[in-house]
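J.: So the chains spell out like this:
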Amino acid sequence: MKELVVISGKGGTGKTSLMAGMASLAENMVMCDADVDAADLHLLMAPEIREHHDFQGGGIAVINSDKCIECGVCRDLCKWNAINENFEVDSLECEGCGVCVYLCPEHAIDFPIQKCGEWFISGTRFGPMVHARLGIAQENSGKLVTLVRQEAKKLAERENLELIITDGPPGIGCPVIASIGGVTALLIVAEPTVSGLHDMERVVQLAAYFKVPAMLCVNKFDLNPDQTLVIEDRAKAQGVTVLARVPFDPVFTESMVQGKTVFEYKIESEAAYALKQVWSEIGKVLEIN
Amino acid sequence: MIISIASGKGGTGKTTVATNLAVSIESGVEILDCDVEEPNAHLFLHPVIEHKESVAVVVPEVDEEKCTLCGKCAEICQFKAIVVLGKTVLTFPEMCHSCGGCFEVCSENALSETGRLVGTVEKGHRNGLDFVHGRLRVGEAMSPPLISKVRSFARPGMLTIIDAPPGTSCPVIAAIKGTDFVMMVTEPTPFGLHDLKLGVEAVKLLGIPCGLVINRSDIGDDKVREYAEQEDLPILMEIPFDRKIAEAYSRGELIVEVMPEWKEKFLGLYDQIKELAGREEARG
Chain P
1 MKELVVISGK GGTGKTSLMA GMASLAENMV MCDADVDAAD LHLLMAPEIR
51 EHHDFQGGGI AVINSDKCIE CGVCRDLCKW NAINENFEVD SLECEGCGVC
101 VYLCPEHAID FPIQKCGEWF ISGTRFGPMV HARLGIAQEN SGKLVTLVRQ
151 EAKKLAEREN LELIITDGPP GIGCPVIASI GGVTALLIVA EPTVSGLHDM
201 ERVVQLAAYF KVPAMLCVNK FDLNPDQTLV IEDRAKAQGV TVLARVPFDP
251 VFTESMVQGK TVFEYKIESE AAYALKQVWS EIGKVLEIN
Chain E
290 MIISIASGKG GTGKTTVATN LAVSIESGVE ILDCDVEEPN AHLFLHPVIE
340 HKESVAVVVP EVDEEKCTLC GKCAEICQFK AIVVLGKTVL TFPEMCHSCG
390 GCFEVCSENA LSETGRLVGT VEKGHRNGLD FVHGRLRVGE AMSPPLISKV
440 RSFARPGMLT IIDAPPGTSC PVIAAIKGTD FVMMVTEPTP FGLHDLKLGV
490 EAVKLLGIPC GLVINRSDIG DDKVREYAEQ EDLPILMEIP FDRKIAEAYS
540 RGELIVEVMP EWKEKFLGLY DQIKELAGRE EARG
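Going down the list, the protein sequences come from chains P and E. According to our numbering, the first sequence is numbered sequentially starting from 1. According to our numbering, the second sequence is numbered sequentially starting from 290.
Just chain E, with the same shape it has in the complex:
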């Protein structure tokens, strides 16, 4: 089973829920941190990294000797990543989406494949927990290829927990698509509610069953709960604002480490997710 943890709004506690859930379950679990722009799970899990690889995407390189300046490559490129300018062809590798169109249309065999580094993937473990995350290269705009690479490490038969990036656009979709359950983490404030609604819309579009964790549940107002009821979104857990939790978080400590009584609650959360995801599967 793959559980993804998403939020719409940033900073609501995705990583807190993902890491505490993973550590509470103890065995047969892997965590994939797909927030490759700002990966944080490692700061709480301190995994031993045993494997590291660079991730690159294919971009074109022009052999000017062979190029006849026919312009077909520039014509097919929707991203302005290759243009003919006077007597030369310029490539803008950072604009390239690696669709392969230019290679297909070049009749002179003047393009060769080269790579643009998008980031690195690191794999490791902490006790029985497997850990993988991606780190987007600073200056790189496109995170989905790296997110896909991180997800390729998911092993069948394991419980996979995905820490997704905030927002509702392509990186989030890349992180949560095809997962069995989406756990939305929100806070009961106007910003939290507004972005939760956007997040839930995205999850609906993908047709994935979904539940809610309300973090800092005693601040703000009641509108998130009203919305959850309206939308028939189960609230699976509430975490009150507690300065002790906030301070432990600030030091990189897990809730279940400083307050072991929370382990039962996270296990209870897992039981509820299993039941909801299983119910959906039975409905088929």
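The shape of chain P in the complex, shown without the other chains:
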């Protein structure tokens, strides 16, 4: 089984639009949305939810005021200043470390497990999809990413699917690290801007750090062809496989408004043509098709 994860470092380079288009061309695959913080793939895929599960994160401290003698031990211990003068815990600040729970001399602090989000197994017109929604302002995004990836893998094994295509989160932090461990290959979608170059270089470093092979596709390349060349050269120098480019094309936004992939909306477009080329090159790298 192969697992392709699409990431970008910088947000808004077109990860989800490109990933959805490619998934519509792929066969025997399951889609996975690992951007659990701001998941958007479902807006193009209109998933029919088959399974719905709660995601349990860690515990959060809750002080039982009947037992609390206001000795202040918990406030002294808390590294996040999450406990106020009235001995109430700010659940947004609480890290869930449990230190106050363990060390309260009166055993006055409970540690209920929190529901931090939900995850789903759904059907779409292109195949099954595993996706999730992290609760607003919640921690544990890395844990939820790991969970959806595991579930996508299980589903692929059950249904004998040979490919997992995952839409990854932006950045290089916790959820991205959870998205890329052990994958077959990464597709980095970059845009030809100074930020695009800067952020691409950081994800390429991240890929090297975790020893994951990476490919690069420059999206909206014609907005700055010179910068496209710079990005491709830098990527090549780092051992990244450079794929075909995708032009700036309003059909991406238009198809998004229609809730469609670019192939469904306008197959005779420059963008669709270019993306097909990208996908065929990925197929060769992954040795699928």
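No wet-lab data here; the hints were simulated from the structure. Hints should not be assumed to be uniformly reliable.
To be verified - For lysine-lysine, the following DSBU-like pairs were computed, each having C-alpha atoms within a straight-line distance of at most 35 Å:
1. P:67 - P:115
2. E:554 - E:512
3. E:369 - P:153
4. E:493 - P:143
5. E:466 - P:143
6. P:79 - E:376
7. P:260 - E:493
8. E:376 - E:486
9. P:67 - E:376
10. E:533 - E:412
11. P:236 - P:260
12. P:260 - P:79
13. E:554 - P:143
14. E:554 - P:79
15. E:512 - P:115
16. E:533 - P:154
All figures in this text were calculated on a predicted structure; none of them were measured in a lab.
With chain P fixed as given, assemble chain E onto it according to the hints.
T.: This is chain E only, laid out in the frame that chain P set:
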């Protein structure tokens, strides 16, 4: 006053708004780039960096001579960052949240404090503008400690502009919590709207007044405007899609540099923010 610039969805133009706003105001302003995973503001501001420091968090180191393998440290650790395995104690510094629990429960004094590097903070200036950003070490998962460090550079009496990371989870909260106004930057597309709603929910949770900038305002559809009206979210500025702006951005140029007429618009944006934040304060 602290204004944070956030978005939910990435790539909507947070950095564009933050940098152009800061440069337009000219004096008494500092910009704190809290998107420490992918900081970009420096690419447009080209600050002269005059101070650089490493930021580390405290993690435990075990003295095996003193350790009796009692296992209390492993029991209190919620993050599986310290475990007893046979006749040895293993630490996983990258999993550690630096809560200090293991140090508290170790009765043998077998743990000492060591550091895990999370990144660096750089401070500098460009003309009258003060600049600070954080750069997360590649491979480091936890950005909130570094974001807090960047925010510790905020100086009272200054106008502080925070460029926040995308999303709605802990890094965003670390960047925008306790600020006086959140400027949400969005684009009028289904993805933009969906992530804007999540972002607005997070801002509401924190109880911070909030306004909207719609970038590339002539693409997509009208649903963001409908949502703004429903939610009583003031639209403070619209920036149309203009290939000239997109190309200038791609070269690392500010809008106000290539189209000086935009300076007035960004100053107008600032006036509106002052009024909205002030109104909230008066309401108290």
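J.: Against each hint, give a clear statement of whether it holds in the structure.
T.: Against the structure, the hints come out as follows:
{"no.": "1", "hint": "P:67 - P:115", "verdict": "holds, 25 Å"}
{"no.": "2", "hint": "E:554 - E:512", "verdict": "holds, 24 Å"}
{"no.": "3", "hint": "E:369 - P:153", "verdict": "holds, 24 Å"}
{"no.": "4", "hint": "E:493 - P:143", "verdict": "holds, 25 Å"}
{"no.": "5", "hint": "E:466 - P:143", "verdict": "holds, 23 Å"}
{"no.": "6", "hint": "P:79 - E:376", "verdict": "holds, 31 Å"}
{"no.": "7", "hint": "P:260 - E:493", "verdict": "holds, 32 Å"}
{"no.": "8", "hint": "E:376 - E:486", "verdict": "violated, 52 Å"}
{"no.": "9", "hint": "P:67 - E:376", "verdict": "violated, 39 Å"}
{"no.": "10", "hint": "E:533 - E:412", "verdict": "holds, 31 Å"}
{"no.": "11", "hint": "P:236 - P:260", "verdict": "holds, 33 Å"}
{"no.": "12", "hint": "P:260 - P:79", "verdict": "violated, 47 Å"}
{"no.": "13", "hint": "E:554 - P:143", "verdict": "violated, 43 Å"}
{"no.": "14", "hint": "E:554 - P:79", "verdict": "violated, 43 Å"}
{"no.": "15", "hint": "E:512 - P:115", "verdict": "holds, 31 Å"}
{"no.": "16", "hint": "E:533 - P:154", "verdict": "violated, 48 Å"}
The structure fails to meet hints 8, 9, 12, 13, 14 and 16 from the earlier list, while all remaining hints are met.
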